[in-house]
Structures are given as structure tokens and as C-alpha cells.
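S.K.: Listed below, chain by chain, are the residues.
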Amino acid sequence: MNTKAWIAAAAALLATTALTGAAFAQDKSKTPIKVAIFSVNAASPTIHAMIESATAAAKARGWTVETYDGNGDQVATNNQVNTFIHRGFDALINVASANTQMGGVIANANKAKIPFVSTFSGMVPGITVDIGSNNVADGVFAASEIAARIDGEGEVLKLNWTVLPALAERDAGFHAVMSEYKKIKVTEMELKVPGQVDDTFNKVTDFLTGHKDVKAIWMGWDEVGVAAARAVQQSHVEKKPFVVSMDGNDAAYDLIRDGSPLALTVAYDVRGMGDAAVQSVADAVDGKSFPERQIYKKPCLITKATVPAKGQYPDFKTCALYSADMPNSQ
Amino acid sequence: MTADVGARRVAARPRIDLTVFLARYGTLLSLVALLIVFSIARPDVFPTVDNLLNIMNQISILGTMAFGLTVCLVMGLFDLSIAAMATLGGYIATFLLVQYPDTISVPVAVAIALGVAAAIGVMNGLIVSYLGISAFIATLATGSIITGAVLGISDSKTIITGIPDAFMAIGQGAIILGVANPILIMLGVGLVLWLMLEHTQLGRHLYAIGGNAEASRLSGIAVKRYAPFALAVCAVCAGLGGLMSAAVLGAGRPQGVGDGYLLNAFAAVFIGASSLRPGKFHILGTMIGVLLIGVINNGLSVMGVPTYWQYIVQGLLLIAALFSAGVLTMRRR
Numbered sequence: 349m350n351t352k353a354w355i356a357a358a359a360a361l362l363a364t365t366a367l368t369g370a371a372f373a374q375d376k377s378k379t380p381i382k383v384a385i386f387s388v389n390a391a392s393p394t395i396h397a398m399i400e401s402a403t404a405a406a407k408a409r410g411w412t413v414e415t416y417d418g419n420g421d422q423v424a425t426n427n428q429v430n431t432f433i434h435r436g437f438d439a440l441i442n443v444a445s446a447n448t449q450m451g452g453v454i455a456n457a458n459k460a461k462i463p464f465v466s467t468f469s470g471m472v473p474g475i476t477v478d479i480g481s482n483n484v485a486d487g488v489f490a491a492s493e494i495a496a497r498i499d500g501e502g503e504v505l506k507l508n509w510t511v512l513p514a515l516a517e518r519d520a521g522f523h524a525v526m527s528e529y530k531k532i533k534v535t536e537m538e539l540k541v542p543g544q545v546d547d548t549f550n551k552v553t554d555f556l557t558g559h560k561d562v563k564a565i566w567m568g569w570d571e572v573g574v575a576a577a578r579a580v581q582q583s584h585v586e587k588k589p590f591v592v593s594m595d596g597n598d599a600a601y602d603l604i605r606d607g608s609p610l611a612l613t614v615a616y617d618v619r620g621m622g623d624a625a626v627q628s629v630a631d632a633v634d635g636k637s638f639p640e641r642q643i644y645k646k647p648c649l650i651t652k653a654t655v656p657a658k659g660q661y662p663d664f665k666t667c668a669l670y671s672a673d674m675p676n677s678q
Numbered sequence: 003m004t005a006d007v008g009a010r011r012v013a014a015r016p017r018i019d020l021t022v023f024l025a026r027y028g029t030l031l032s033l034v035a036l037l038i039v040f041s042i043a044r045p046d047v048f049p050t051v052d053n054l055l056n057i058m059n060q061i062s063i064l065g066t067m068a069f070g071l072t073v074c075l076v077m078g079l080f081d082l083s084i085a086a087m088a089t090l091g092g093y094i095a096t097f098l099l100v101q102y103p104d105t106i107s108v109p110v111a112v113a114i115a116l117g118v119a120a121a122i123g124v125m126n127g128l129i130v131s132y133l134g135i136s137a138f139i140a141t142l143a144t145g146s147i148i149t150g151a152v153l154g155i156s157d158s159k160t161i162i163t164g165i166p167d168a169f170m171a172i173g174q175g176a177i178i179l180g181v182a183n184p185i186l187i188m189l190g191v192g193l194v195l196w197l198m199l200e201h202t203q204l205g206r207h208l209y210a211i212g213g214n215a216e217a218s219r220l221s222g223i224a225v226k227r228y229a230p231f232a233l234a235v236c237a238v239c240a241g242l243g244g245l246m247s248a249a250v251l252g253a254g255r256p257q258g259v260g261d262g263y264l265l266n267a268f269a270a271v272f273i274g275a276s277s278l279r280p281g282k283f284h285i286l287g288t289m290i291g292v293l294l295i296g297v298i299n300n301g302l303s304v305m306g307v308p309t310y311w312q313y314i315v316q317g318l319l320l321i322a323a324l325f326s327a328g329v330l331t332m333r334r335r
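Respectively, the protein sequence lines represent chains A and B.
With the working numbering as the guide, the letters of the first sequence map in order to residues 349 to 678.
With the working numbering as the guide, the letters of the second sequence map in order to residues 3 to 335.
The reader is advised that the hints may include incorrect statements.
As a list, the in silico DSS-like pairs of lysine-lysine whose alpha-carbon atoms are at most 30 Å apart [claimed, not checked]:
{"#": "1", "chain 1": "A", "residue 1": "Lys658", "chain 2": "B", "residue 2": "Lys159"}
{"#": "2", "chain 1": "A", "residue 1": "Lys636", "chain 2": "A", "residue 2": "Lys378"}
{"#": "3", "chain 1": "A", "residue 1": "Lys459", "chain 2": "A", "residue 2": "Lys376"}
{"#": "4", "chain 1": "B", "residue 1": "Lys159", "chain 2": "A", "residue 2": "Lys645"}
{"#": "5", "chain 1": "A", "residue 1": "Lys665", "chain 2": "B", "residue 2": "Lys159"}
{"#": "6", "chain 1": "A", "residue 1": "Lys636", "chain 2": "A", "residue 2": "Lys376"}
{"#": "7", "chain 1": "A", "residue 1": "Lys382", "chain 2": "A", "residue 2": "Lys407"}
{"#": "8", "chain 1": "A", "residue 1": "Lys382", "chain 2": "A", "residue 2": "Lys645"}
{"#": "9", "chain 1": "A", "residue 1": "Lys560", "chain 2": "A", "residue 2": "Lys531"}
{"#": "10", "chain 1": "A", "residue 1": "Lys382", "chain 2": "B", "residue 2": "Lys159"}
{"#": "11", "chain 1": "A", "residue 1": "Lys588", "chain 2": "A", "residue 2": "Lys533"}
{"#": "12", "chain 1": "A", "residue 1": "Lys376", "chain 2": "A", "residue 2": "Lys407"}
{"#": "13", "chain 1": "A", "residue 1": "Lys636", "chain 2": "A", "residue 2": "Lys459"}
{"#": "14", "chain 1": "A", "residue 1": "Lys533", "chain 2": "A", "residue 2": "Lys563"}
{"#": "15", "chain 1": "A", "residue 1": "Lys665", "chain 2": "A", "residue 2": "Lys646"}
{"#": "16", "chain 1": "A", "residue 1": "Lys587", "chain 2": "A", "residue 2": "Lys506"}
{"#": "17", "chain 1": "A", "residue 1": "Lys588", "chain 2": "A", "residue 2": "Lys658"}
{"#": "18", "chain 1": "A", "residue 1": "Lys407", "chain 2": "A", "residue 2": "Lys645"}
{"#": "19", "chain 1": "A", "residue 1": "Lys533", "chain 2": "A", "residue 2": "Lys587"}
{"#": "20", "chain 1": "B", "residue 1": "Lys159", "chain 2": "A", "residue 2": "Lys407"}
{"#": "21", "chain 1": "A", "residue 1": "Lys646", "chain 2": "B", "residue 2": "Lys159"}
{"#": "22", "chain 1": "B", "residue 1": "Lys226", "chain 2": "B", "residue 2": "Lys282"}
{"#": "23", "chain 1": "A", "residue 1": "Lys652", "chain 2": "A", "residue 2": "Lys588"}
{"#": "24", "chain 1": "B", "residue 1": "Lys159", "chain 2": "A", "residue 2": "Lys652"}
{"#": "25", "chain 1": "A", "residue 1": "Lys588", "chain 2": "A", "residue 2": "Lys531"}
{"#": "26", "chain 1": "A", "residue 1": "Lys506", "chain 2": "B", "residue 2": "Lys159"}
{"#": "27", "chain 1": "B", "residue 1": "Lys159", "chain 2": "A", "residue 2": "Lys540"}
For the record, the hints were derived by calculation from the structure and aren't laboratory data.
Bound conformation, chain A alone (with noise of 0.2 Å):
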């Protein structure tokens, strides 16, 4: 055999296999792959929405999938990764465990190849792609509507546990609102974590006792939210401040739904996240790329005219973002 046709065998035997390995690649995500899905912390009722939708949509891809539950250790939660790598999953999916505590973890997953996909975890190099919500934007939701529904002024409370990088985002949405209203006085507190259901739930009731003419409560995260609106209503004060928060979980829905103080929520499609998760490691196995590692979803404004019934979830294509857009809004 000559030249020319050793090259064009060559050519003929790479192409074969680039195109049987392309094959393989877009048909790697309907073969029974291994999945794992973690989080430092499951038991948050958000946090565990997601993981029962991404789990649920794995498992009905036929995807074998095995959990785990850090259970408020981010050492133990790495550790656990780093085995699920060793032990040859196919991908990952991080559930709102922060991505910049995971730095060595995904550096393992990018050695092996494997995707790293995570919700709520924030953006950091080495990242699949994340899926989210835009905190800051969200925070100033929040934040606009107190602003709004007290006038642009009185007193506000903020609780917050803002070692959480979404919190702290959260946060800034809030500052970036604040700001603007100078008749606003709003006090600050951080939450102690872990405890900080019950920590809520006295900062709130200590802070009622002394200020009887607070107008507003701005919590960080549903989970508390709840914990502040429990405190609001066992309070002793005459005008009850209504209580806003993040994150749209069933406790909150029922609240609102309920007329609690709780008034809104600024919910996100939570259940929809762990879906797009799932999805996005299909695309990651099957060899597609990511033009950007952090895509965000649309939230909704929770309140009573928008809240769901009971057992049922927002419809996040058509819900309403904007009080203007409310059922009763003129």
C-alpha cells in the first residue's frame, strides 16, 4: 500500500471513530448512567424539593441514583463527592451547597471528567454550569415591595444569615432598595446558623417587644420566614408588620394562603430547578457545551391573590413578577 492510501485508511479509521464516539456521546445520557445528588444541607424544605424533582427526573431517565445529605457539614459533604468521584459516577449534581467551599472537589470531577452541575451553589471556575436565580435581582423584589407597601417609610427589620453567598446576594438586593429610602430606618441582624429557625423566632419576638411600631420584616430565606411570621403572630403588638421572604416553599404558600403575616414570597421554581439539572447533565454527558455556566430562572411574586391552591404549584411561565401584573391589581 502506497502513501495516499495509508492516509486515506488513516482518515477513514478516524473519522469512523470520531463518529462512533460522537455516537456514543449523544446516546451516553439514554444508557443507565450513575448520579449523584448531594447537598450539604437536605433537610431545608426548599433545598429538598429540588432534590426530589432532580431525583425523580433522573430516575425516569433510568439513571441509577444515589443521594446524600451533608447534614450541615461541608467537610463530610466534600468528602462524600470525592468518593462518589473514586467510586466512577457519571455525574453530579450539587444542590445548593456553596460551589466556592467545593473548590477541590470540582477540580476531582473536572480531572475525571465528569460533570458537575449544581442549583443554587453560585457560580466558580470548573462548574458544569449553574442553575439558579438571580439573588440580588430577587432581594430587590422583596425589597421594593416593602418599600412600596409601607410608603417608602417606617421601620424595617432584616434577618439574614449572610455567610451564604445567595444570602449575602440577597442581601445586597436589599441595601440596593434601602438606599433609596432615606424615612426607611431598617435594622439589620444576622441569624445564627445552625439554630436559626428558633433564633428567628426569639430575635423576632425580643425585637417586636421593644419597637411596637415596626412596619416590615424582610427575611432572608423562606425557612425563617415562616419562623418570623409564627413570631409575628404570637406577638403582642397592635399592628402586626407583615413579613416578606425568598424562595416559595409549601410552609410559605400555606402561610400566605392562610393570611398570616407572611404576605409574599418571592418564589422560584424550585422543583423546575432539579428538572433543568437533570437536563443539563444529559446535555453535559451527551458532549454538548454551555455558552454560559450560570443560567437563571424566572421567580414569581407569591402573595395571597397569586398563591396556589393547596397541593398544587405557580405556573412559573405565566405567573405574575410584578404587582401590576396581580390577579386584582387595576
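Assemble chain B onto chain A, guided by the hints.
M.R.: Below, chain B without anything else, positioned relative to chain A:
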């Protein structure tokens, strides 16, 4: 003659040892001082009846758990499973009420939750007494098992809907003179355990074993039988604390309920052991310790002091309290 009698009177008058006085009453004085300082700082808020009841309400879960822990520590047993036990207590009760609303009433759910806690406490005690494993390690292990079991049973899912109002009334109601139920529960538990420890042979035996287990055994006390009892009491109190938390917040959380109380409960009991009867764990002292923690947290919160100061002040106070108790112990030697 008159001068002579006067001199003898002076000599007969007991001298006040300032170190002993401070060691015994220092914690109590600190509590009074804090009450005064916060009252001066926020006279319109802190010393009001509303706020004092608020403080009592806020310490009720911690107090209930700390009282139980006191019984263990009297015997020299460290129970590290109380955090998990609190989570378990609240979760079991809400789980039963939501899963079986037609068959299980609130009293039954409460009884089952506390019964399970008691059974685990007894098991802890049997491990300690008959397997010779230290309570510190045994309860650490049991706590881990409970945490895992609750997470597994619950699938890490918080129970937030369907909890009956009758259950939430345990935490949110006020059946006597407008005093919140959790306060009444805490005081009731404290009274029962105080009577048990201070006025029964059972209590005296617990103190005797805590003082010197071998001497107690030689004097005829069946030492091994007491650990299951003490750890069961501790477990029931922790479970009750978690149950109260679930009732206050209207949620059965499968994780982290007791975590915020574990160290504070130990802090309260140790602060208590530095007051009135330095070096001895006792219910009245624990009440002082719990009050101290509650007043610090409430006072600083009412004054708008940042959260991190609450951690710092509480830590400093614990050191001060233990130091004062240590001084007295050293002097006794």
C-alpha cells in the same frame, strides 16, 4: 469591762470570706447585675412584664432540656444525645399526628414520642452500666444513630402541613393567667426534678453515685440501676424540649432542632454548678444558668447588639462562672 465584752462580740461575729461569697453568689449577682444594666439601657422595653415573660418563654425549651441534663450530670454522666433526642421528639409527634390524624390524638402522640425517648434513654443507661462504655461515647453514638434514623424515616422532609391546632397549643397557648404553656411546662419539669433530687432517697443516691460510685456501691446502693433512670429522664426532657419547639413553630423538622440547644444546655448546667452550691449540679443552679443565658441573649437583642457579641459574652460568662467555682474548689483543698 464594757470594752472587753464589746471586743469579744466583735471576735465572735463570723467573718465574711469574700472569695467564698463571690464563688457562691457571683453568678446570681451577675444575673442581677445584667438585669439592672439592661433595664437601665432599655427602661421602656427590658423590665416590662411582656419582656420578662418573653424571656421565660424563650428559655423554656432550653430550661426543660437543661433540667434533664442536670440529673445526668449529678451522676457524672455526660449525655451528648440530647440534640438528636430533641429532634426525634418533635419529629415523632408531628409525624404520628399528620400520618394518622384519625387514630392518634395529641396526648397519645406526645406519650409515644416521650415513650420512645425514654426507651432510648434506658438503652443508653444499659450500655453505660452493663457494657462499661462511658456515657460520653455511648450517647455520642446513640445520637448519631438517632440522627440517621430520623433523616432516613423522614427522607429529610420537614413536616409543615397538617399539624393539628391542639398540638400547636402546647407551644403557642396559655392555659393559666396568660402565661405561655412552654413556661408552665419548664417550671413543672423543674419542680418535679428538684423534688426528686433534693427530697427523695433516689435523688440522694444519685448525688452519692456522682460523688463516689465505688463508695456508693460498697454502701449498698445498686449503682448500675441508676444510669438507665438518669439517662431516661434526660432523654425524656430533651424529647419534650423538641416537642415544644415543634409546637411553637408548627413544624416537625428532621434535622438540627436540638443542635442549637446542646452546648447551651451544658453551659447552663455548668454555670448553675458554680452558683449557690459551687461544684454541685443542682436544679436551682441550672435555672440560674438558663436565666443568665436567656437574659444575655434577650438583653443584647433588645439593645440591638450584633449577634456575634452574644456568642462572645456567653463564652466569657461561662469562663467567669467556672473560674469562680474553681477558685472555691482550690481553696477547699
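S.K.: For every hint, state whether the structure bears it out.
M.R.: Against the structure, the hints come out as follows:
Between Lys658 of chain A and Lys159 of chain B the alpha-carbon distance is near 18 Å, which keeps this suggested pair within the 30 Å criterion. Straight-line distance between C-alpha atoms of Lys636 of chain A and Lys378 of chain A comes to about 14 Å, which keeps the hinted pair within the 30 Å bound. With a C-alpha separation of about 19 Å, the suggested pairing of Lys459 of chain A with Lys376 of chain A holds against the 30 Å cut-off. Between Lys159 of chain B and Lys645 of chain A, the direct Cα distance comes to roughly 24 Å. Compliance with the 30 Å bound is thereby established for this hinted pair.
For the given pair, Lys665 of chain A sits about 27 Å from Lys159 of chain B by alpha-carbon distance, which is consistent with the 30 Å threshold. For the hint pairing Lys636 of chain A with Lys376 of chain A, the CA-to-CA distance comes to about 12 Å; that is within 30 Å, so the pair holds. For the proposed pair Lys382 of chain A and Lys407 of chain A, the alpha carbon gap of about 10 Å is at most 30 Å, so the pair holds. With a C-alpha separation of about 26 Å, the suggested pairing of Lys382 of chain A with Lys645 of chain A holds against the 30 Å cut-off.
With a C-alpha separation of about 17 Å, the suggested pair Lys560 of chain A and Lys531 of chain A falls inside the 30 Å cut-off, and the hint holds. With a C-alpha separation of about 24 Å, the suggested pairing of Lys382 of chain A with Lys159 of chain B holds against the 30 Å cut-off. For the hint linking Lys588 of chain A to Lys533 of chain A, the alpha-carbon distance of about 17 Å falls within 30 Å, and the restraint holds. Between Lys376 of chain A and Lys407 of chain A the CA atoms are separated by roughly 15 Å; this keeps the pair inside 30 Å, and the hint holds.
For the given pair, Lys636 of chain A sits about 18 Å from Lys459 of chain A by alpha-carbon distance, which is consistent with the 30 Å threshold. Note on Lys533 of chain A and Lys563 of chain A: the hinted pairing holds, with a Cα-Cα distance of about 10 Å set against a maximum of 30 Å. Distance restraint check for Lys665 of chain A and Lys646 of chain A: the Cα-Cα separation of roughly 8 Å lies within the 30 Å cut-off, and the hinted pair is therefore satisfied. A hinted pair counts as satisfied when its Cα atoms are at most 30 Å apart, and Lys587 of chain A with Lys506 of chain A qualifies at roughly 18 Å.
Taken as a hint, the Lys588 of chain A and Lys658 of chain A pair is honoured in the structure, with Cα atoms around 25 Å apart against an allowance of 30 Å. Our distance criterion of 30 Å between C-alpha atoms is met by Lys407 of chain A and Lys645 of chain A, whose separation comes to about 23 Å. Distance check on the hinted pair: Lys533 of chain A and Lys587 of chain A sit about 17 Å apart at the alpha-carbon level, within 30 Å; holds. Proximity of Lys159 of chain B to Lys407 of chain A is assessed by CA-CA distance (about 19 Å); at most 30 Å being required, the pair is judged to hold.
For a cut-off of 30 Å, the pair hint linking Lys646 of chain A to Lys159 of chain B stands: about 25 Å separates their Cα positions. A C-alpha spacing of about 21 Å is found between Lys226 of chain B and Lys282 of chain B, which places the hinted pair at or below 30 Å, so the restraint holds. As the CA atoms of Lys652 of chain A and Lys588 of chain A are separated by approximately 17 Å, the hinted pair is consistent with the 30 Å bound. Between Lys159 of chain B and Lys652 of chain A the CA atoms are separated by roughly 25 Å; this keeps the pair inside 30 Å, and the hint holds.
Simply put, Lys588 of chain A and Lys531 of chain A have alpha-carbon atoms about 20 Å apart, close enough for the 30 Å limit, and the pair holds. Distance check on the hinted pair: Lys506 of chain A and Lys159 of chain B sit about 27 Å apart at the alpha-carbon level, within 30 Å; holds. This hinted pair checks out: Lys159 of chain B and Lys540 of chain A have alpha carbons roughly 22 Å apart, not beyond 30 Å.
Checked against the numbered hints given earlier, this structure breaks none of them.
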